Amino acid sequence: MKSKKLTQNPLFLPLVCVLLVLAVNAVYDLSQGKAFYEFFITVINDQGLLTGRLVTILNRGSEVAILAIGMTLVVSASAGTDISVGSVMSLCASFCCMLVAGFGVSSVDDVAIPRLLLGLLGALVMGCICGAFNGTLVAYLNIQPMVATLILWSAARAIGLLLCNNLIVYVRTDAYGVFGGYIGFLPTPILIAAVCIAVVSLVLKKTAMGMYIQSVGINKKASRIAGLNSKRIIFMCYLLCGLCAGIAGIVASSRITSADSNNIGLNMELDAILAVALGGNSLGGGKFNLAGSIIGAYTIQAITTTMYNLGVSSAVAPVFKAVVVIVIVVIQAPPVKNWVRKHTAARPAAGKEAAHA
Amino acid sequence: MKKIFSLALAAAMSLSLVACGGGGNTSTPAASNPAASNPAASNPAVSTPSTGDGTLKVGFAQVGHESDWRTASTKSAQDVFSAANGYELSFVDCDNDSAKQLEAVRSFIQQGMDYIIIDPIVATGWDTVLTECDEAGIPVIIIDRTVDDSDKYVAWVGSDFKVEGLACGEWLKAYAADKGIGEINALVIEGSVGASATIGRTDGFKEIAEREGWTILDSQSGDFTEAGGQEVMESFCQSYKGQFNVVICQNDNEAAGAMTAMDQAGITYGVGGDVILVSFDANKPYVQMVCDGKINANFECNPMAAPTVSEIIQALEKGETPEKEVYVSEHWFAAEDNVTSITVNGEAQEVIHATQEVVDGRPY
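Heads up: the sequence lines are chains L and D, in that order. At the far end of the first sequence sits residue 357, using this note's numbering, and the numbering has no gaps. At the far end of the second sequence sits residue 364, using this note's numbering, and the numbering has no gaps.
Honestly, the hints are just simulated from the structure, not real lab data. Just so we're clear, the structure is a prediction, and the values are computed from it rather than from any experiment. Treat the hints with care, since some could be wrong.
Claimed, not checked - Sample of chain D residues with no beta-carbon within 12 Å of chain L, all distances over it, derived:
1. GLN110
2. VAL232
3. ASN253
4. ALA256
Unchecked claim - Think about it this way: if two alpha-carbon atoms lie no more than 30 Å apart in a straight line, the pair counts; the simulated BS3-like pairs of lysine-lysine are:
5. LYS205(L) to LYS5(L)
6. LYS100(D) to LYS321(L)
7. LYS221(L) to LYS231(L)
8. LYS34(L) to LYS162(D)
9. LYS221(L) to LYS205(L)
10. LYS321(L) to LYS206(D)
11. LYS321(L) to LYS34(L)
12. LYS241(D) to LYS34(L)
13. LYS241(D) to LYS206(D)
14. LYS5(L) to LYS231(L)
15. LYS173(D) to LYS241(D)
16. LYS179(D) to LYS100(D)
17. LYS206(D) to LYS179(D)
18. LYS324(D) to LYS162(D)
19. LYS321(L) to LYS318(D)
Quick reminder that beta carbons are idealized off the backbone N, C-alpha and C, glycines included.
If we strip away everything but chain L, and leave its shape as in the complex, we get (with noise of 0.2 Å):
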């Protein structure tokens, strides 16, 4: 009954979806009359950096990753999403870059580290300045949260475009590129995106909090009968969410090296909500499952991948991106899951051979 209980665990359709969009790689390698595992080769390169799709999957789809640690909480405590993340990874990217290049200038070569520790700490309290915002009109003022990061979703990037003088401003120095880099062999957002993940597990695992966050999702009102504090629960998780975008967000300009306000996180709050739906978590709050939000985020990068190595053009990727993610969700729809545990039980044999395939 060992292959039964795999099937149920709530990561088994997250992981499964990942590695078929994975074996799509190797079947067309196979195909074009290269090794199969082509693909899944990771090696360090002449200049000693760690390089391979697979790497390449797990350091580009880091920001999102991020984001889908703020964005599961957010989901599951208040049953809304934050729309606001990608303008506010601008926002902050801007103001890091701007405390550290100084008001009004476009362009610096040299920085002095304590500056862009104040660039870094700015971002970081900027992305709770912001999450706080929208945790005060969700939490306290009970507005609906998509109404209510609307706000900044409109408003954070055009403010961020203020703060750079409606310029890209480049701080075009390897101490602040580290963050998107390297560090020894290893990129640095994949060891960021890792310590995000690790430290609000942490604190999930070990404290009550995770519990706390699905019972005010589940029940609000109950919850607070049991004597939670509802609202603050829900504060916090938007906090949370708002530093998780500061954090993506001076990945994301530590990569390009500067602030580019248009860019930056452009629809990005799409891909997190996206990746905590193909996370097999419900939109609908209550409970939630950060790991699937987790790999949904490197799912979503590694169709992007896919279109590379698959040579698809630019043009179409839309359409293929748009097919495959339907198929992943209609995988994951409960009608289709009843349907397919209503077959496994009746052929019990069937089932498990399906399970191992």
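On the provided structure of chain L, position chain D as indicated by the hints.
Just chain D now, kept in the frame of chain L:
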């Protein structure tokens, strides 16, 4: 009580947002422009209108500020349409939002502008609003990008992107012949899908590539951004390592991203490198890179449409009819002096050897 409080808070917030938006998007040319006298010096075409008929009110709906090129275009307009030149400029940065741009043009009509300049974010959906301009008797001048579904504008000023792509191909042919490079295997990092600059540059380069029998290994969009160029190049390095010797980036920002990706993959580029790196736009920091030998060649896309627009406005003021399509002049820069001229469309054009003097003389 709580309701009233939340209402008041919401009101205060929306007010402050309006204030932010206003401050961010509208800027008067009177604001300090350190280089205000520069373009006037380098572009003798900027003529001062006759002082008798007062200032001309000009509204400019700009795309956004997604790249350095855009910033240069904005600055050119702010410098040319200055109070000193007899203009009053209303500038709106549309943040790449076409609905916002339509809104901006309508507000220009309401404000009773004398002329409206539009750099259309999208090529279609313009007929209604341009008809409104026409009915209000305000001449519209389109710059840079094109309008496909309406002809209710007096003139279009911009670059011939296909000629840029052709020039790139012709230069590469002459350069490869001089260096004795027999086989060309190119990777192309395109701009945004569907943008006229992307289409023109791709078509131009492809035409030469087909004629000369070159191989274009792959062609992907980098969305005209540094992050996009970096991600696409990173993928190219993994797919085609050791197979390519030319990288064409369709703007400078993508070239910057491609350079980072190639550095990380251990691929050398530029003068004396494994890969010939070509870029478009030729903003000053990137002409500097051509001078330093990091980029082999850079093909200008002149953002200084404003002086030409000013000429057209002056012609209209005198009652003349300007030409419908006006191309701005553009230059080609190369890191080495082995190719000094190329023939594009049967016309001999100069390739400028980018020395420090050339870089220092660039206005943007």
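Structure-based check of all given hints:
1. GLN110: 22 Å, holds
2. VAL232: 7 Å, violated
3. ASN253: Per Cβ check, ASN253(D) is inside 12 Å of chain L; nearest 8 Å; violated.
4. ALA256: 8 Å, violated
5. LYS205(L) to LYS5(L): 22 Å, holds
6. LYS100(D) to LYS321(L): This hinted pair holds, its Cα atoms lying about 29 Å apart.
7. LYS221(L) to LYS231(L): 10 Å, holds
8. LYS34(L) to LYS162(D): 37 Å, violated
9. LYS221(L) to LYS205(L): 24 Å, holds
10. LYS321(L) to LYS206(D): Holds: LYS321(L) and LYS206(D) sit about 27 Å apart, inside 30 Å.
11. LYS321(L) to LYS34(L): Given pair LYS321(L), LYS34(L) holds - Cα atoms ~24 Å apart, limit 30 Å.
12. LYS241(D) to LYS34(L): The hint holds at about 14 Å.
13. LYS241(D) to LYS206(D): Given pair LYS241(D), LYS206(D) holds - Cα atoms ~22 Å apart, limit 30 Å.
14. LYS5(L) to LYS231(L): 37 Å, violated
15. LYS173(D) to LYS241(D): Status holds; Cα separation ~23 Å.
16. LYS179(D) to LYS100(D): 50 Å, violated
17. LYS206(D) to LYS179(D): 21 Å, holds
18. LYS324(D) to LYS162(D): Cα-Cα ~18 Å, so holds.
19. LYS321(L) to LYS318(D): Roughly 55 Å between the alpha carbons, so the hint for LYS321(L) and LYS318(D) is violated.
Violated hints, listed in ascending order, are 2, 3, 4, 8, 14, 16, 19; each of the other numbered hints is respected by the structure.
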